[in-house]
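K.L.:
These are the residues of each chain, in order.
2 protein chains.
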Amino acid sequence: MTASDRLDATFLALADPTRRAILARLALGDASVAELAHPFAISQPAVSKHLKMLERAGLISVGHDAQRRPRRIEAKPLAAAEAWIERCRETWEASYRRLDHLLDELQRKPVGTRRAGRELKR
Amino acid sequence: MTASDRLDATFLALADPTRRAILARLALGDASVAELAHPFAISQPAVSKHLKMLERAGLISVGHDAQRRPRRIEAKPLAAAEAWIERCRETWEASYRRLDHLLDELQRKPVGTRRAGRELKR
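In order, the protein sequence lines correspond to chains R and P.
The number in the working numbering is simply the position in the first sequence, starting from 1, with 28 added.
The number in the working numbering is simply the position in the second sequence, starting from 1, with 28 added.
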């Protein structure tokens, strides 16, 4: 699985309110399928289906207790998804600041030299 | 559209490498469909389909130039998605620190008082 495939799987897993609620619950501590199914008022098979998708994305793992099989949140894929969004936002903010700065420059210049400024902006 | 619906749409839109690449390109500045199609070596209709999904999620908007119809990145849904992941991560980190602290406490206690510590951990 490439890093891009992993991001696909992570974002797809996050694109559902029940799966996000399961993750938010697991962020508080490990829980078994029965413990996860209870507050959501959905069947255990339905929860299991969501858990499989979260597992495939590497967002959760299964603990060692053979009876309870507690699910545990895994921080790495969440961190990778957050990092992707952060990079995109930082790039956008830097571009925005650059454009803002250029517009400021243009407004400060006398009319005769504005054309050069507009070329710069492109 | 509720905040949860918007998160669904945002994460679903992000679950594709071409759509992420389009967003990364738009983070550098506005671009028309033709300008976006060129570097990806995919057809303009294929790009248009991806753009529609990004638009539906509110991740991009269409600029005022009627001829060029430049696409522009919209920061708000990205920020909301980032905030959701951050909250989940912070909750998890706090739980982890709490558990770590409790384990430390337990290791420091003499054997006779360990039971109470274990009860606390639950």
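If you are wondering where the hints come from, they were derived from the structure by calculation, not from laboratory data.
Treat the hints with care, as some may be off.
35 Å max Cα-Cα, derived DSBU-like pairs, lysine-lysine [claimed, not checked]:
| id | chain 1 | residue 1 | chain 2 | residue 2 |
| --- | --- | --- | --- | --- |
| 1 | P | Lys104 | R | Lys104 |
| 2 | R | Lys104 | R | Lys77 |
| 3 | R | Lys137 | P | Lys104 |
| 4 | P | Lys80 | R | Lys104 |
Bear in mind the structure is a predicted one, so any value in this text is a computation, not a measurement.
K.L.:
Hint by hint, note whether the structure agrees.
P.N.:
Here's how the hints hold up against the structure:
Among the hinted pairs, Lys104 of chain P with Lys104 of chain R is consistent with the structure: their alpha-carbon atoms are about 24 Å apart, no more than 35 Å. Distance restraint check for Lys104 of chain R and Lys77 of chain R: the Cα-Cα separation of roughly 22 Å lies within the 35 Å cut-off, and the hinted pair is therefore satisfied. For the hint linking Lys137 of chain R to Lys104 of chain P, the alpha-carbon distance of about 33 Å falls within 35 Å, and the restraint holds. Between Lys80 of chain P and Lys104 of chain R the alpha-carbon distance is near 30 Å, which keeps this suggested pair within the 35 Å criterion.
This entry satisfies every hint, going by the numbered hints stated previously.
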